[in-house]
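Q: Chain by chain, the residues:
There are 2 protein chains.
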Amino acid sequence: MPSGKRGRFPVGTPVLDAARSLGVYVESVCGGRATCGRCQIEVQEGNFAKHKIVSSNDHISPKGAKEERYERVRGLPEHRRLSCSAMILGDLVIDVPQDTVINAQTIRKAASDRVIERNAAVQMCYVEVDEPDMHKPLGDLDRLKAMLEKDWGWKDLLVAPHFIPEVQSILRKGNWGVTAAIHRDMDSSRPFIIGLYPGLKNEAYGIACDIGSTTIAMHLVSLLSGRVVASSGTSNPQIRFGEDLMSRVSYVMMNPDGREAMTKAVRQAVNDLIGKVCAEGGVDRHDIFDCVFVANPIMHHLFLGIDPTELGQAPFALAVSGALQFWASDIEIEVSRGARLYTLPCIAGHVGADAAGATLSEGPYRQDRMMLLVDVGTNAEIVLGNRSRVVAASSPTGPAFEGAEISSGQRAAPGAIERVRIDPQTLEPKYRIIGVDKWSDEDGFEEASRTTGVTGICGSAIIEVVAEMYLSGIISEDGVIDGALAATSPRIVENGRTFSYLLREGQAGEPRITVTQNDIRAIQLAKAALYAGVKLLMEKQGVEAVDTIRFAGAFGSFIDPKYAMVLGLIPDCDLAEVKAVGNAAGTGALMALLNRDHRREIEKEVGRIEKIETALEPNFQQLFIDAMALPNKVDPFPKLAEQVKLPARKAVTDTGGDAVPRRRSRDERAARRARS
Amino acid sequence: MPSGKRGRFPVGTPVLDAARSLGVYVESVCGGRATCGRCQIEVQEGNFAKHKIVSSNDHISPKGAKEERYERVRGLPEHRRLSCSAMILGDLVIDVPQDTVINAQTIRKAASDRVIERNAAVQMCYVEVDEPDMHKPLGDLDRLKAMLEKDWGWKDLLVAPHFIPEVQSILRKGNWGVTAAIHRDMDSSRPFIIGLYPGLKNEAYGIACDIGSTTIAMHLVSLLSGRVVASSGTSNPQIRFGEDLMSRVSYVMMNPDGREAMTKAVRQAVNDLIGKVCAEGGVDRHDIFDCVFVANPIMHHLFLGIDPTELGQAPFALAVSGALQFWASDIEIEVSRGARLYTLPCIAGHVGADAAGATLSEGPYRQDRMMLLVDVGTNAEIVLGNRSRVVAASSPTGPAFEGAEISSGQRAAPGAIERVRIDPQTLEPKYRIIGVDKWSDEDGFEEASRTTGVTGICGSAIIEVVAEMYLSGIISEDGVIDGALAATSPRIVENGRTFSYLLREGQAGEPRITVTQNDIRAIQLAKAALYAGVKLLMEKQGVEAVDTIRFAGAFGSFIDPKYAMVLGLIPDCDLAEVKAVGNAAGTGALMALLNRDHRREIEKEVGRIEKIETALEPNFQQLFIDAMALPNKVDPFPKLAEQVKLPARKAVTDTGGDAVPRRRSRDERAARRARS
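As given, the protein sequences belong to chains A and B, one line each in that order.
Residue numbers are given in the UniProt record's numbering: position 228 of the first sequence equals residue 228, and the series is strictly consecutive.
Residue numbers are given in the UniProt record's numbering: position 337 of the second sequence equals residue 337, and the series is strictly consecutive.
Everything labelled a hint here was simulated from the structure, so no lab data went into it.
Among these hints, one or two may not hold up.
Since the list can't tell identical chains apart, any single copy or any two copies may satisfy a pair.
Stated by the list, open to error - Here are the simulated DSS-like cross-link-like pairs (lysine-lysine), alpha carbons at most 25 Å apart as the crow flies: (1) K562 to K52; (2) K50 to K66; (3) K150 to K604; (4) K173 to K66; (5) K50 to K540; (6) K136 to K150; (7) K579 to K645; (8) K611 to K136.
Remember, it's a predicted structure, so these values are computed and weren't measured experimentally.
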């Protein structure tokens with residue numbers, strides 16, 4: 001258990017051997033010497049009617065000398081046995097624990113309950129090597145290889161050249177007992193010895209890293225237990241070369257050393273972050289043997305030292321799209337000298353290895369329902385599909401969702417407004433800020449917010465405030481603030497030729513926080529780009545609705561799905577089926593780190609995914625224009641309407657008149673801008 | 001022709017395709033575009049009764065536009081055709097030329113007429129890559145790989161990481177036409193793209209190098225034509241750390257940075273030598289894509305950066321014995337950034353990759369006769385065997401054969417005596433020196449030798465002078481100079497308690513050149529060690545005689561087999577079957593460079609060779625003592641006696657007496673010394 005596999009074995013068979021012959025993965029480093037303690041199992045006692053057997057600790061051999069020594073020296077939890085030493089004497093139900101530090105088969109994601117089955121690319125193998133013999137003058141390394149074949153079945157091992165000069169001293173230091181770190185990724189590739197250690201080396205780590213334009217996030221994981229030892233993040237230092245991706249590409253184009261400087265900066269940041277997670281986890285960075293990276297295409301290229309200029313212009317040609325694997329030292333990542341590095345494949349010029357990671361994590365292709373997966377950043381990456389077909393695209397949402405281009409916008413930080421409600425009767429707002437639990441209309445809010453002040457509106461709250469303005473009738477479905485309301489509400493204030501909504505008057509020294517007509521236009525443009533991209537993929541799939549929606553990325557974690565749908569960022573869907581999945585790209589990297597089968601899985605899937613280039617689709621412009629309206633000019637939102645009272649929709653008319661053509665042409669300009 | 005393979009093909013089949021389907025190797029870089037000119041063939045015209053066909057140039061398609069363009073631009077020898085363009089129209093006998101620069105299938109060894117069939121690890125493949133397409137957003141590298149699979153059949157290509165950042169600019173510079181350098185060694189390993197060049201790159205080179213203790217020798221070879229472009233040598237700069245191998249091991253043991261200094265020195269010398277052969281051949285060192293090295297075990301270890309201390313003491317443990325393959329840059333060899341480096345396997349702690357190279361070159365295991373292969377240096381490496389069994393050992397001959405430990409000995413250089421004859425009647429010598437054609441008793445010798453003088457005796461002449469002294473009765477079969485002869489010959493001179501033979505009185509300022517009793521003892525010790533080793537292997541094989549003898553190395557090239565046999569360096573054998581084969585180790589390296597099948601061949605053979613450690617064999621001492629006599633105390637030399645009048649042999653007695661035990665015990669000390 002829990003695999004449920006069963007078999008019959010001769011009395012005296014070690015449980016570990018029985019597990020292996022059933023194809024049940026139980027870790028072991030020492031090769032059955034009862035010294036590493038990785039192979040723990042537990043006997044379930046009782047009458048198992050389902051299996052028609054009685055399982056009892058009487059049916060397993062008592063602890064022998066070796067196992068008792070292990071228990072004495074290293075300690076063994078109650079009921080736990082070492083499966084390499086415990087032998088089958090009768091009927092048994094055996095539990096392979098899934099949750100312990102020493103022998104966890106699985107890791108638990110922060111954001112979900114999903115478990116990752118382990119099949120890491122790195123395995124630690126202890127062997128006792130024959131001493132040199134003049135009659136059989138095989139070299140030290142060659143006898144090591146022979147023993148790794150004999151004890152562990154490794155054939156045709158290749159050797160990382162860096163440690164060849166050290167083999168003889170390591171063998172002698174370990175008194176001929178050594179642990180080899182073996183790396184094998186693809187089954188068609190020959191395995192590599194990537195490290196060698198005197199005696200028993202009972203630990204090996206890996207990192208999974210997502211290089212975002214703004215943030216670099218990393219997990220440090222034990223490859224032997226699957227446990228996430230530390231997770232951390234840092235700012236991408238490339239920000240000093242340009243806030244967004246396109247400005248970084250421009251920097252490369254305009255500065256001869258720009259590419260090199262940015263490559264150096266991001267590799268340095270990754271190395272610093274490795275130092276940080278290692279310090280947090282109490283791990284030596286030289287015990288990291290495997291690294292998996294995901295990134296958007298431009299970060300991916302810069303990290304690998306590739307000029308990203310081609311990605312800044314049609315046809316958005318990737319220098320390399322497939323998965324890559326080489327020595328970490330090839331690109332100056334400072335971990336074990338023999339560590340390998342794997343990058344997930346990129347899906348297209350605008351849909352990177354990060355989207356591949358998120359796709360691996362959420363697995364639309366693993367299920368029958370139509371899943372929409374969106375990762376909103378400066379570009380929104382959109383994947384839509386199910387078991388039979390997956391399509392992907394990116395859409396240029398711009399930075400509005402991140403609070404940029406918004407008059408009172410700011411990044412998420414203490415003092416930023418993160419929640420907003422507007423009373424539809426009085427049009428009065430209430431809001432919450434980051435760092436304070438109380439709503440602004442509750443007693444004590446002003447006092448609690450005094451240290452930070454109320455400084456602006458963060459990305460998630462912009463969605464809410466615009467959606468609430470729409471629900472309360474302040475703005476029309478076309479996104480125009482109704483100036484007539486200025487007569488009845490002091491919250492509607494004139495602002496040149498348009499109107500604004502006053503969210504907060506600003507105390508002494510604090511800014512006055514308003515939502516302007518321009519702010520609403522910026523959000524409309526962004527959400528229209530996203531929705532048009534989604535709609536395009538739905539058309540490719542021939543579906544009118546999606547079954548389930550996954551919001552990846554930080555933005556998705558903070559927005560309320562209801563408001564996202566009211567605004568028409570995402571198509572109509574049962575609200576319970578809209579889920580934030582956090583850094584799904586990083587989770588995908590983690591999966592690829594812990595199980596090399598997931599690498600093959602996503603490599604294969606990326607080859608199958610159909611890539612749609614929105615700029616080349618003739619109806620993108622019309623979809624974009626329709627999506628400028630709230631929630632949409634043409635699409636109904638029946639499931640949303642069941643849960644939220646939406647304003648009555650204007651009849652779709654084509655009356656002409658002065659105002660409409662002017663707005664239309666403005667929308668068209670915006671659509672062109674979004675496509676450029 | 002010349003393979004003799006034949007087949008039937010549809011009219012219109014290109015000759016290149018026909019050759020390939022028959023398994024006949026015809027080079028091609030451009031992939032049938034008639035631009036590289038590598039695939040030349042020739043039609044043999046006439047009535048071929050043996051094949052029952054009439055072959056005629058009328059049966060091959062006339063030159064098309066592409067082939068004519070190649071002929072116009074690059075030139076095509078008369079009767080030559082490009083097999084990619086020439087199509088079969090009727091019966092043809094096709095000759096694949098073996099000897100041209102542009103299309104040599106083979107290379108000719110300097111020392112023999114043997115040809116090496118080519119199957120290099122590196123292949124150059126021109127492809128035209130699809131331009132980027134937004135609808136199919138595969139990366140540049142990925143489309144390159146796809147085209148290499150489509151046009152050339154390469155599957156699962158790995159990529160040398162160093163050029164990934166350059167792929168996009170190379171493709172664009174070549175206007176999407178590029179040549180990939182592909183390296184595949186073992187069939188079980190995945191092939192690697194190791195370099196990429198815009199347009200057609202129609203050349204690729206390799207080096208084969210033998211790192212000897214004294215000399216480093218190198219061939220520079222075109223991997224596409226098989227032509228040896230340049231061959232050269234240089235002194236091993238490690239000589240400054242110690243003349244012989246053991247003094248270099250001592251240097252490592254006594255100096256903390258000794259190993260590193262010697263590794264650096266030899267790698268620098270190799271890099272300098274690469275510069276030299278490249279200058280000679282007019283080749284850019286960055287066009288070298290493959291390197292094969294052989295060396296004795298201590299040089300092998302030092303070159304790879306491995307501490308050789310273990311090789312200086314029992315059990316003479318090699319750190320690595322198997323063949324290795326990695327990037328040339330891993331050990332700082334300055335060639336193409338993507339070049340691979342292969343080292344042949346070592347046979348045992350004293351029998352290195354150089355002996356493996358010589359074994360590959362001479363191939364005792366490829367034939368039925370019993371072949372003795374000896375490479376004489378400070379250690380003699382000895383290989384004995386045939387198709388069914390091969391045994392190998394080394395024997396500590398010491399430096400006497402190289403002129404060291406000899407009172408008038410010197411290295412081979414102008415002025416050194418290289419040939420000696422002694423008149424058995426008068427005991428007067430005549431000799432020749434390096435740099436002068438005349439013998440010393442010919443008119444004009446003194447004048448001709450004036451510039452260099454006569455400065456000493458080189459290694460090959462020491463063999464001759466001792467053998468001639470024996471043949472002329474000056475020394476007994478025990479190697480003792482007969483003092484009684486001093487009465488009748490002024491050439492026999494007293495020298496303390498022993499006598500010497502005066503070879504040359506020395507003109508003004510020149511040294512007096514004599515052969516002392518000690519010199520003869522040194523030669524006896526060296527030749528006894530060699531012969532005892534050979535005898536031990538003969539005993540292992542259960543043979544009384546060998547069928548053929550190969551002398552590898554510089555020493556073997558200069559000595560006269562007759563004198564070597566008279567002295568009893570080598571066992572009795574038909575003198576016509578004793579051949580010098582020059583630097584057979586280097587030839588073996590060349591074979592492994594030009595044909596990767598030879599790598600598998602020698603890897604497999606080295607695994608089969610039985611290694612004999614002379615120091616562990618109980619009867620080595622007796623064999624050594626027997627071999628102190630000239631030619632041997634117990635072994636008859638019947639075949640030698642047919643061609644050379646040997647002095648009458650003393651009856652083998654065991655009389656005791658004063659002299660014998662004393663000499664015996666001295667010989668035993670010598671035997672112990674030789675084994676230590």
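Q: Please go over all the hints and tell whether each is borne out by the structure.
A: Status of the hints after comparison with the structure:
For a Cα distance limit of 25 Å, the shortest separation of K562 from K52 qualifies neither inside one copy, at 51 Å, nor across copies, at 88 Å. For the identical chains of this complex, K50 and K66 are neighbours neither inside a copy (35 Å) nor across copies (77 Å), given an alpha-carbon limit of 25 Å. With identical chains, the CA atoms of K150 and K604 are at most 25 Å apart between copies only, with a shortest distance of 19 Å across copies and 34 Å within one. For a Cα distance limit of 25 Å, the shortest separation of K173 from K66 inside one copy, 23 Å, qualifies, whereas the shortest one across copies, 66 Å, does not.
In this homomeric assembly, K50 and K540 never come within 25 Å of each other (Cα to Cα): the closest approach is 48 Å inside a single copy and 67 Å across copies. Proximity of K136 and K150 under a CA criterion of 25 Å is satisfied intra-copy only: 17 Å inside one chain copy versus 47 Å between copies. In the homo-oligomer, the alpha carbons of K579 and K645 lie at most 25 Å apart inside one protomer (21 Å), although the nearest pairing across protomers, at 103 Å, exceeds that limit. For a Cα distance limit of 25 Å, the shortest separation of K611 from K136 across copies, 7 Å, qualifies, whereas the shortest one inside one copy, 59 Å, does not.
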